[in-house]
Amino acid sequence: MSEKILNSGEKTATRDAYGKALVKLGGENRDIVVLDADLSKSTKTADFAKVFPERFFNMGIAEQNLIGFSAGLAASGKVPFASTFAVFATGRAFEQIRNSVAYPKLNVKVAATHAGISVGEDGASHQAIEDIAVMRSLPNMTVLVPADAQETYQVIKKAAEYQGPVYIRMGRLAVPVLFDETYNFKIGQANIVRDGKDATVFAIGLMVHEAIKAAEELSSQGIEIAVVNCASIKPIDREMVIRMAKQTGAVVTAEEHTIIGGLGSAVAEILSENYPVHMARVGIKDVFGESGKPDELLVKYGLTYSEIIKAVKDVLAKKQS
Amino acid sequence: MTIIEEMARKIRIDIIQMLAAAKSGHPGGSLSAADILAVLYFKEMRVDPENPHWPDRDRFVLSKGHAAPVLYAALAERGFFPTEELLQLRKTGHFLQGHPDMKKVPGVDMSTGSLGQGISAAAGMALAGKIDHKDFRVFTLLGDGEIAEGLVWEAAMAAAHYKLDNLVAILDYNGLQIDGRNEDVMNSAPVADKWRAFGWNVIEVDGHDLEQLMNAFELTKNLRGKPSIIIAKTIKGKGVSFMENQAGWHGNAPSPEQADSALRELKGGKDHE
Ligand SMILES: Cc1ncc(C[n+]2csc(CCOP(=O)(O)OP(=O)(O)O)c2C)c(N)n1
Ligand SMILES: [Mg+2]
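First to last, the protein sequences are chains A and B. To convert, note that position 4 of the first sequence is 4 in the working numbering; the numbers rise steadily by one, no gaps. So the number in the working numbering is just where the residue sits in the second sequence, counting from 1, plus 1000.
Among the hints, erroneous ones may be present.
[Claimed, not checked] Listed next, with one range per pair, are the computed distances between beta-carbon atoms:
{"hint": "1", "chain 1": "B", "residue 1": "Trp1153", "chain 2": "A", "residue 2": "Asp286", "range": "33 to 41 angstroms"}
{"hint": "2", "chain 1": "B", "residue 1": "His1053", "chain 2": "A", "residue 2": "Lys157", "range": "48 to 56 angstroms"}
{"hint": "3", "chain 1": "A", "residue 1": "Gly302", "chain 2": "B", "residue 2": "Arg1181", "range": "56 to 64 angstroms"}
{"hint": "4", "chain 1": "B", "residue 1": "Glu1244", "chain 2": "A", "residue 2": "Pro53", "range": "49 to 57 angstroms"}
[Stated by the list, open to error] Simulated coverage check for chain A against chain B, where a stretch passes if three residues somewhere in it have a Cβ under 8 angstroms from a Cβ of chain B:
{"hint": "5", "stretch": "80–93"}
{"hint": "6", "stretch": "123–132"}
Think of the hints as simulated: they come from the structure by calculation, not from any bench. These numbers come from a predicted model, not from an experiment. Think of the CB as a built atom: it goes at the ideal place given N, C-alpha and C, for glycine as much as any other residue.
Hey, can you work out the whole structure from these sequences and the hints?
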């Protein structure tokens, strides 16, 4: 089995789709304003700045102020999208998000890019592996993680329509396109990418792609797993999680995030209280990342389809014993 | 050519070589600080490469952590680790991380990479020196985009409050950050007035004039009761003409051809390395 992570074929980073989505939605809704903290070329808010310079505001390297200004803009009727790298958005500005955005339930969209270890060469200081956990812990906060370019567009659109705080997590790395124009994302809804009877893999972000590869490989071995994309991590699709646990009796979660507090925890919280089944979490095992090529790091930190296959076999063995 | 001049040149050559090998990283802000680091590591700082954790050493905190290549080059040239290691920068499993990691790299006194945090930690080290009645000094290098961070000013206020005259900040005043010129992205002028108002000694120099830099550091030794900042006017990308004053060279590595041309220019036609 090869460890190659990425398919050939069409690939786009979710951050690229974000830039394009902002331009489209900016034309439809004049209340949308975009703020950045000296990373507009990387987060792709520069696309919006080019078309709507009068509605783009660079705050300089000052993430706390980025969120503070956004709160004020939202309190005055604007729909601010505030962007920087996920580490700085949810780290440096955490308490601004907590007390000035989530607590007063203001209509701020924290749209962060460069999440996860696939940031690559910049190293651990720039690889957010805990952002979902901290954002998910905040009351009033919605947390969305698109898996491809098409879903990113829908996530941004739904976030703009929704009234209230939203955290959107996007990546630096180009990923294959998974969904077509008929796909309809809804906040609070998971979607079955592939059905199966033996086990369910709940996945987010680039791990959805790995889960599909794992499903194909396992299918050739006579094991049929379901793959569910949980782009809406909060609110999570409770009914779907329970239904799939009942249908398959074994569950694996897969996320480019620490196994503490992210998707794995969200699914475990629901199942342990409602329908406990054997479960395994694929994710970063409570360690910081490091510098390196993204695909090498994904292998080194166990974020591949072969890790998912191992986890599936592990829960299947427990289920059968 | 003085030793320090020669070292600054070597550091610049190392920076280009390591970034070309890594195929990613930050040349602009590394090259702009090469003369400052050469003066620090080959004249000003009391360090012992054989004993990187010597409690009485002077400390250096690279608050603008993305300029790791200039720090690694200075440390390697000073003897903290072999210069050959530089070519492994940013590779999976190697100790030279994209941003400085104090647990992995000998001579790195603080892990940095998140802008604004380095000066705060540097001030804490200076305070520890005061508590223990030690005579070591703490140096920290700031970017001019970085000083938009509120934390920089929280640290500045506290360093003056605690009279940390063993703390010397250097501002790499190259006028550029990622999205363009400081004055277009977030205007921080007048910079010197702000530091003075926060209770610091301010010395303004040409950051590529080694004499001026050495004199400025000398001066800070005798300024008592306040922290000092050397505002060093620099050119981002200094020494490689096609990189000079170009915001686009903030975070892109040179191609092999570009690296060749940069190295030719830095070696001045002579075959040194
Ligand atoms: C808290 C934080 N926000 C954003 C970044 C991303 N970033 C890295 S370098 C940089 C620009 C730095 O500009 P400046 O301080 O002027 O450095 P120099 O010109 O000396 O390279 C930014 C925004 C970061 N590393 N840390
Ligand atoms: Mg600068």
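We went through each hint and held it up to the structure:
no. : hint                                     : result
1   : B/Trp1153 / A/Asp286: 33 to 41 angstroms : holds (35 angstroms)
2   : B/His1053 / A/Lys157: 48 to 56 angstroms : holds (54 angstroms)
3   : A/Gly302 / B/Arg1181: 56 to 64 angstroms : violated (43 angstroms)
4   : B/Glu1244 / A/Pro53: 49 to 57 angstroms  : violated (28 angstroms)
5   : 80–93                                    : holds (count 4)
6   : 123–132                                  : holds (count 4)
Of the numbered hints given earlier, the model fails hints 3 and 4; all others are met.
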